[in-house]
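There are 2 protein chains.
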Amino acid sequence: MKFICRKQDLLNGVNIVSKAVPNRSTMSILECILINTTRDVISLTGNDTELGIETIIDGEIIERGIVALEAKTFSDIVRKFPDDDITIDVDQNYKTLISCGKLVITIIGKSGEEYTYLPDIDKNNSIIMSQMNFRDIIKQTIFSVADGGEGSSVQQTTKGELFEVFGDYMRLSSLDGHRISIRRLQLRDEYENEKVIVPGKSLNEISKIVNGGAEDDIEISFSNNHIMFEFGNTKIVSRLIEGEFFDIDKMSYSNYETKVTVNRKDFVDSIDRACILVKEGDKKPIVLNIMDDTLTMSINSIVGSMNEDISIEKLGKNLMIAFNPKFMLDALRVIEDEYIDLYMVNAKAPCFIKNEEESYIYVVLPVNFTTVQ
Amino acid sequence: MKFICRKQDLLNGVNIVSKAVPNRSTMSILECILINTTRDVISLTGNDTELGIETIIDGEIIERGIVALEAKTFSDIVRKFPDDDITIDVDQNYKTLISCGKLVITIIGKSGEEYTYLPDIDKNNSIIMSQMNFRDIIKQTIFSVADGGEGSSVQQTTKGELFEVFGDYMRLSSLDGHRISIRRLQLRDEYENEKVIVPGKSLNEISKIVNGGAEDDIEISFSNNHIMFEFGNTKIVSRLIEGEFFDIDKMSYSNYETKVTVNRKDFVDSIDRACILVKEGDKKPIVLNIMDDTLTMSINSIVGSMNEDISIEKLGKNLMIAFNPKFMLDALRVIEDEYIDLYMVNAKAPCFIKNEEESYIYVVLPVNFTTVQ
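Line by line, the protein sequences give chains A and B. Under the numbering used here, think of the first position of the first sequence as 342, with each following residue one higher. Under the numbering used here, think of the first position of the second sequence as 342, with each following residue one higher.
Careful: at least some of the hints might be erroneous.
Since the list can't tell identical chains apart, any single copy or any two copies may satisfy a pair.
Said to hold, decoys possible - Taking lysine-lysine pairs in the BS3-like style, the calculated list, with each CA pair at most 25 Å apart, reads: (1) Lys655 - Lys413; (2) Lys348 - Lys576; (3) Lys600 - Lys348; (4) Lys480 - Lys443; (5) Lys689 - Lys451; (6) Lys421 - Lys620.
Calculated directly from the structure, the hints in this document are not laboratory data.
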């Protein structure tokens, strides 16, 4: 195999597909990037068998072929090459010469025989949105995916996000037992209904690759076991998680005894300050004492104590309620509104943070607290 | 004690003196910042007994006093405070109220009784230079200070830099057994000769604080056991290292058999690329084959091999010589010249990198190598 391409094109491609290459794997072939020029394009592939990414780069193919190159080494080499044309020349023993002018680096590649190719996904059933909307909606929901590592007892379905299409809108939901995040996105067209669970890990990597332009589209296609994302010259395929997701629509959103309207930034800054007093591993709650036009935030830990009054508008009863400050912050930080509304029933019932049109709904469970003096 | 100051002033002061506060210490009082308003100024001090920093901040003193506050917590709190006036109010039990408007954070401080104050240094004997020159000359020599941690067998004197004043110029030297860095700086005035060894750790912290302005001066004073640096409202005192430094002037600089002139950036880029092929802990040398107008760089490791030709000008004999690429890079990266001169005698003798006026001299010892095919 032999081809010539620009360093920057190769580097971009390598950076994209590397997101699907595991750092360590029991199958060393998965630690490689597959380069394939047999189909008259230069394609790069990374695949950890759960998530696979393929991208096509510009260049001139001189001889067709396939090689698998250790991803970390190859990407380090490409990054450090002069910003010029790079020639990649692979002989029948997969000895790979990477050269530019009077510079030659030689590494040993592998045959691509054992490499797992991306599955083919039928595109009959696909939806389109802007990359910017796609990236935003992921960022706004991914933090409450349960982070269950290998062997964790977390329920499988909570390690993913629920992707739903209802005609002309899409809904993403995630939950981890302490909070729920729900975002709704208006689509440009009507589509068939869909309901799948996509691994949080896959979405996390994908959102790093999508460049986020409002003018650039992403096409999402569904099959029984996979979801495919296509944009630019890149195709990403992720396995789906099997099982039944928690039934979000069972929750009752409309009742409340206390409604608070607060400036989001003031609220975030105050909780953020309270976190200084909470040492790692210590589960001190932040206590909210909601009165007529004032919210008193207080926290009391081994490090010290804090009291801060914030101006609010209140409807309904006074209430004292406590939260894990981190869970509150995660939700508040991905809302763009200047003012937000909190809906509460009592100190034991979930707090809903949502706007009127319900394009976002964040649910945070309260925690027990002892009154701070 | 009680005083009011601007958040940003307090934060700047805390950031400066924190550089001398150890993360962990057997003496918990050393993990504190001392705040002292008894001398009609608000002074902050950090001191790990080797390095001490004192800075004075603007503000209004309402009641004189002294308190020691745990540095990490206090600096986190100040950083997260609103950008406004902060009031610090300490009662006789060192209960410390840090407040701004309707926000109050309370932490418990300590008495300053056990705190080690900075020693007084006589300023009869002091030199002055721009902060920019001072910071540059440190950066250009500090990397070859021996990094001997606690209990390391490294010679004490090599953990510091030799600071020398000879009339109207200063010289800084450091060495670690593999390389030597020497920088000379012209001073504005004539001074008394000085020769002291300053701990590399102190210089490292100081260079982070000095803001580096060409118009702002730094004054350096010497005593038998200490060196003091003063600039702006800040005073830094470091202990000196006792002992005899390696006699640099014994080295012979002028003989050479091979002189090479090379574009510094090309040389750096090539060595940098070669490093990709060297895994952590692997001590592969980079081999330089010096011929009439070409320098061939080569390296051969378990990862792969590299060959690159660089254009040079050469005087004297052809030579094949090898170096630890990291040691070469460290020196080359702090030289500003576009072209540099290397002076060599043979493959076993040190290589000198220096300019004509010898304002810098970097010495790198070669390493053994087996010829690369």
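Checked hints:
1. Neither within a single protomer nor between protomers do Lys655 and Lys413 lie at most 25 Å apart by alpha-carbon distance, with minima of 55 Å and 37 Å respectively.
2. In this assembly of identical chains, the alpha carbons of Lys348 and Lys576 lie at most 25 Å apart only when taken from the same copy (21 Å versus 50 Å across copies).
3. Proximity of Lys600 and Lys348 under a CA criterion of 25 Å is satisfied in neither setting, with 57 Å inside one chain copy and 34 Å between copies.
4. With identical chains, the CA atoms of Lys480 and Lys443 are never at most 25 Å apart, being 45 Å at best within one copy and 33 Å at best between copies.
5. Taking identical chains as interchangeable, the C-alpha atoms of Lys689 and Lys451 are never at most 25 Å apart, the minima being 59 Å within one chain and 40 Å between chains.
6. When the C-alpha separation of Lys421 and Lys620 is checked against a cutoff of 25 Å, the pair qualifies only between copies, where the shortest distance is 16 Å, while the shortest distance within a copy is 41 Å.
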